[in-house]
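Start from the sequences and build out the full structure, keeping to the hints where you can.
Number of protein chains: 2
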Amino acid sequence: MTALAGIRETPGLDAYLEALEERLEAAVSSHRGTVAAVGAEALAAGGKRLRPLLVYLASPPGAPSPLAAGVAVELVHMAALVHDDVLDRAALRRGQPTVFATAGRDAATATGDFLFARAFGELAATGEPAAVQALSAAASALARGELMQRADAWRADVPEERYLDRCTLKTARLFDAACRLGALFGDPPSGDLDEFGSYGERIGLAFQIFDDVLDVAGPVERTGKRRGTDLLDGTVTLPLIIARRRDERLAAVDLRSITESGEAEDLCDRIAATGALETAREAALGHVDEAKATLRRVKLADRRREALELVAEGVVERYG
Amino acid sequence: MTALAGIRETPGLDAYLEALEERLEAAVSSHRGTVAAVGAEALAAGGKRLRPLLVYLASPPGAPSPLAAGVAVELVHMAALVHDDVLDRAALRRGQPTVFATAGRDAATATGDFLFARAFGELAATGEPAAVQALSAAASALARGELMQRADAWRADVPEERYLDRCTLKTARLFDAACRLGALFGDPPSGDLDEFGSYGERIGLAFQIFDDVLDVAGPVERTGKRRGTDLLDGTVTLPLIIARRRDERLAAVDLRSITESGEAEDLCDRIAATGALETAREAALGHVDEAKATLRRVKLADRRREALELVAEGVVERYG
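For the record, the sequence lines run as chains A and B. Each residue of the first sequence is one higher than the one before, starting from 1 at the first, in the working numbering. Each residue of the second sequence is one higher than the one before, starting from 1 at the first, in the working numbering.
Keep in mind that the hints were calculated from the coordinates and are not lab data. All C-beta atoms, glycine included, are put in the ideal place defined by N, C-alpha and C. You may find that some hints are simply not true.
[Claimed, not checked] Every beta carbon over 12 Å from chain B, so not counted as near; a handful from chain A, in silico: (1) Q133; (2) D157; (3) E263; (4) E290.
[Said to hold, decoys possible] Stretches of chain B that chain A covers, calculated by requiring three or more beta carbons in the stretch to come under 8 Å of a beta carbon on chain A: (5) 81-93; (6) 108-118; (7) 139-146.
Okay, structure coming up:
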């Protein structure tokens, strides 16, 4: 995400991100033994800290640093990944072994619970009940999205609308909460909480759709995993939904018959051949544009607006 | 628990417990589909509402009802049970099918996450950051206790002290939080928060030790499960720890060799023959006495003190 390089010039951001890593490390290593060991793994696998970045950028310059909110949002994200990997029996994430793979199913389930609980403890330190409510809403949406994904598994004919609902629950609502939490920390809090939330939700949707495109488009060097893992899990995403409308033979494929990586990659090629990847990318770009339009209705320092626009574009650039 | 019958006369309690059921039902059925279905099952399996009862009794009479805190504590308890049943692959709880059994591992994991998230949302409604912190501490202790139990599985020589640490994390800290939460709702909050917490922790320990005795003592008509399920899971509890000191041949048993219910029941008989069940019961009674002694140091209306003493005795009465 080279667009994100420009964002790093935001005053105070480097110090915030550094403090964030320290607080995250302290949160997972607060207890000796298994939690510290597996928590550290979850932490290392964490990646870009995109959600805490949103918290920071949505908070007004000069406001007391919304560090606790950034930590809380990232801990919920980490907890969700750890449980996700248990459900998917995933051995790797970003090319690193998952907590599930190294510590086992039981320890990974309990570790996810621990990270979840810690998230709310961190957030309580802000003394802001509205923040706890926003994070709780996002976390329960995440769980509902997970349930929806499992309920819809192997259903190749899942409607596009339902796919978008699932993306909203599983991904976009936590982006929404991150922006909302940041904007809460003004004094007084921003009057544009819903607009900030809506911006977050839009880029969350764009982010998830791009991620789903990437699973079909690859290449493995970029994603750290073979193409078609969603197909092998029975998770139906936008590229397949679009491609099935354009290719009757694709529409007839029973996903349960796809059991080998090679077969999944062949199916990816057939999806790509319909032009579905471009259409899905355009849909995601549409959400990015809407996110930027929402920002224009919000009272914001110019510098912050630019940074938030760069983030919106950044989730696209991964495919530039 | 016939002692609990006397507690029901506490003014306002019936209305509180009725409202609690309504709020719990609303919390799990707030979304159509899988969550509502499996959440309702978890709710039905819930039982005695002992933790919300503690919240109520620890709150000062006439204070605004600490309903949200009672709901939050019970939701965390439910979430833990649902995840526990996933880890134990348990088909039954209190004689009812578990969420794991009816909805499967994936849905049960996500349902637990959902209940967890809802708990903090409910609690945020109290506008009390200290409450969120107390519940978060209890919920992360619960997860750490779960990790400890898995780490110690099949270790027949686990020290008694470590067993007690595990009981504290897995069970007693949520009892502690329940009492603390109740006491927070005075205006001003009770100056005896730590004493209330300590009372809760003691009866939580007594509760867990009794539960572990019951797993060995049975009978099935009382517990809804066959004797020795802990032994079959590799979970070493106080009765076995004591019995191993008294019977060399018991000390030599490799728990992994016990794979059939019949064998586990034989082992239960051998544990009982050492008198370990009486010794474990006495240990639990000691915690009950300490809980009551702690109460005497607390400023409390007489009626509330009596009710809290009855609760402490109630966890014993199950074996009277």
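Here's how the hints hold up against the structure:
no., hint, in the structure
1, Q133, "violated, 4 Å"
2, D157, "holds, 18 Å"
3, E263, "holds, 23 Å"
4, E290, "holds, 25 Å"
5, 81-93, "holds (count 3)"
6, 108-118, "holds (count 9)"
7, 139-146, "holds (count 6)"
Of the hints listed earlier, the one the structure fails to meet is number 1.
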